[in-house]
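Letter by letter, the chains look like this.
Protein chains: 2
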Amino acid sequence: MNIIPQPSTLATQVVDAIRSVVGSDSAVLHEPRFNGNEWKYLKECLDSTFVSSVGKFVGRFESDLADYTRVNHVVAVVNGTSALHIALQLAGVKTDDEVLIPAMTFVATANAVRYCGATPHFVDSEERTLGVDPQALREYLQDVTETRKGQCFNKTTGRVIRAIVPMHTFGHPVDIDGVLAVAQDFHLVLVEDAAESLGSTYQGSHMGTFGLVGALSFNGNKVITTGGGGAIITNDSVLAKHAKHLTTTAKVPHRWDYVHDRTGYNYRLPNINAALGCAQLELLPSFLEEKRRLYECYQKAFAKISQLLIFSEPKDCRSNYWLQTLMLDDFSADQKDAILAATNDAGLQTRPVWMLMHHLDPYLDCPKMELPVAESLSQRLINLPSSVHMEIEGVR
Amino acid sequence: MNIIPQPSTLATQVVDAIRSVVGSDSAVLHEPRFNGNEWKYLKECLDSTFVSSVGKFVGRFESDLADYTRVNHVVAVVNGTSALHIALQLAGVKTDDEVLIPAMTFVATANAVRYCGATPHFVDSEERTLGVDPQALREYLQDVTETRKGQCFNKTTGRVIRAIVPMHTFGHPVDIDGVLAVAQDFHLVLVEDAAESLGSTYQGSHMGTFGLVGALSFNGNKVITTGGGGAIITNDSVLAKHAKHLTTTAKVPHRWDYVHDRTGYNYRLPNINAALGCAQLELLPSFLEEKRRLYECYQKAFAKISQLLIFSEPKDCRSNYWLQTLMLDDFSADQKDAILAATNDAGLQTRPVWMLMHHLDPYLDCPKMELPVAESLSQRLINLPSSVHMEIEGVR
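Top to bottom, those sequences are chains A and B.
Letter by letter, the first sequence follows residues -17 to 378 of this note's numbering.
Letter by letter, the second sequence follows residues -17 to 378 of this note's numbering.
Hint data in this document are derived by calculation from the structure and do not stem from the laboratory.
One or more of the hints may lead you astray.
Derived pair list, reagent style DSSO-like, types lysine-lysine, alpha-carbon separation capped at 27 Å [what the hints assert, rightly or not]:
#1 A:Lys286 - A:Lys297
#2 B:Lys25 - A:Lys25
#3 B:Lys318 - A:Lys233
#4 A:Lys38 - B:Lys22
#5 B:Lys233 - A:Lys350
#6 A:Lys22 - B:Lys38
#7 A:Lys25 - B:Lys297
#8 A:Lys233 - B:Lys76
#9 B:Lys22 - A:Lys25
#10 A:Lys22 - B:Lys223
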């Protein structure tokens, strides 16, 4: 009796391709690596007893980050969400404003808008960058907005659209020139959600430095981690001073008096988390090299599967390749769930892109443009195991 | 020629009395001590690579805290302010509500009310506890509120007064029986701001466990520290589950999908900070003993100065004596600034109580009762160096 071999499914091929890169062990989506001065600095911090809001590592982390991103000012905060919240406040976002953000983003972008009492207004993405599509956005804004007294008004809702917040998805820079032009033409403040893009550049300039202010994240799953942490980056010294003030309970400096001149926040990064950050930042260049090498391995391993591609950095950009990403073609989108199940069942952690913001209960009623590309991408993107310390088969 | 000796000023006497307790070195208000398993647990945490939102120390810290405070549920968060913010949300505080809080508190209590879109409504304190005066409050509420449909309405503003948030000042328990009775009679939810009172009890029960929900803080200046950190404590399992959900971006559990069912917060305590907390919590009983011994030393050292007293724990209470406190008599209140200057100039860090909330720019227009005791106390209280590791003269 002849046994006809089953043609291997796409899901099986994906499992095999990942295995050919990461080896036979299970692999998580992203875990940090501590192979530098982490323990030394943590110990130094503990021995100083300055583990909390005062201590030298916060200042050093801010200064090291400023050097790395070539920005004038960095204010370290407790996480990326708080960085975004304050960045929006610095941009002047207030109650009843609208803020343009991609429908395809992590929920923190939308939440931060809500914390300001404002309403997110969802924008489509482009396949080339996975970020805001400036051309489609321009056409949409021409249609639905009008300029009054130098402000952008949504003709339907009557509200001011105050700012635009592009997010650099999985570390890949958005078309920042295009977004900047839209921001300028429509009187929008540009705030960059650079939570995923530490180490990513466009024409040599670091993401997060193109707008008025940018937000970084150092959560445990990011390129470098401080446990939990984030940063506000800006070239504007007045904004930077205000950011520090807002994030440290808006306390007016005094030897002993406790005067606070506005409703501030307790968003300062503890010194012990900054100590970890200082050590991690020293390792960032080596992490970026390894992430790029991992991308190349995935490229090679998946080259023979015709129904998908491994996402590559956009033109003129250098991406940090934070999360490696597989993109299915239109005809294979219906295989997404099978691939997610097969890979996760095999101990290879993968995930789809976030559920689009306008499909989430808290944001169902928010204004939005047509979102065909984001809808399509959300059915076709899968993140692959992306840790820098994975033993790459080709390298072993 | 006879030289008549200058009578020593009150400020000089205070400097001398502090010196007789803390020795000749300079002394800060409060700095942490790490003489337990801090290094061990931090290293273990780092070696595990789980420094961020996932890891065993968060669960262990929550469980250890639950055991210590004898409460059913603990949710660890990023700081005391975020604990208060979520506690108020759990209490149902929403936009346009009013919340009763002491005028004499740290600004975080008022800020947390504002984060909910609500308005703080300021309440007087009593000299016996330094906290909310339930008798004065009862008389005030009888005057200015009325009950409609089981809710407490402010007759002047027309708004619902949703909750009351007593704060246990410097670790000393408020008259919690009195406050509980007011809360019950006026249909107010009781939320305890126990940020300063880890280790303090009333009739053997831990502060923060009397109301619907309580908030703790582990900032660097607190009895124990996690760098930055806080906790929500409650005996209600439904509320605890909701607190965990709200503080972890309201993500609905799923193997790979990113669904968030409401606007949540990124308030989880990183695992590395929890590791520090586990070690500190082991030391808490010894810290409390030393803080009580320091109080006794101050008592003795200041006994001969008639114009002031060292504040003692209220009746039926056991205080953590977080910050040692000197209370001037009415006739010596005008010496406060001279004492603050002399002590700080001598390298002995002291501070007055916080500027009262209704005097701060962001809260000038908030409703308030008459505040004679808080006004008087704010001119008469001075915190003294209170670290547990100070070399106590009497003990050396």
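Here's how the hints hold up against the structure:
Our distance criterion of 27 Å between C-alpha atoms is met by A:Lys286 and A:Lys297, whose separation comes to about 24 Å. Note on B:Lys25 and A:Lys25: the hinted pairing holds, with a Cα-Cα distance of about 9 Å set against a maximum of 27 Å. For the given pair, B:Lys318 sits about 21 Å from A:Lys233 by alpha-carbon distance, which is consistent with the 27 Å threshold. Taken as a hint, the A:Lys38 and B:Lys22 pair is honoured in the structure, with Cα atoms around 23 Å apart against an allowance of 27 Å.
Our distance criterion of 27 Å between C-alpha atoms is met by B:Lys233 and A:Lys350, whose separation comes to about 23 Å. Taking the CA atoms of A:Lys22 and B:Lys38, the gap is about 23 Å. The hint holds against a cut of 27 Å. For the given pair, A:Lys25 sits about 42 Å from B:Lys297 by alpha-carbon distance, which is inconsistent with the 27 Å threshold. Distance restraint check for A:Lys233 and B:Lys76: the Cα-Cα separation of roughly 26 Å lies within the 27 Å cut-off, and the hinted pair is therefore satisfied.
Of the supplied pair hints, the one linking B:Lys22 and A:Lys25 holds, its CA atoms being roughly 10 Å apart against a limit of 27 Å. The hinted pair formed by A:Lys22 and B:Lys223 fails the criterion: a straight-line CA distance of about 37 Å is larger than 27 Å.
When each numbered hint is compared with the structure, violations occur for hints 7 and 10.
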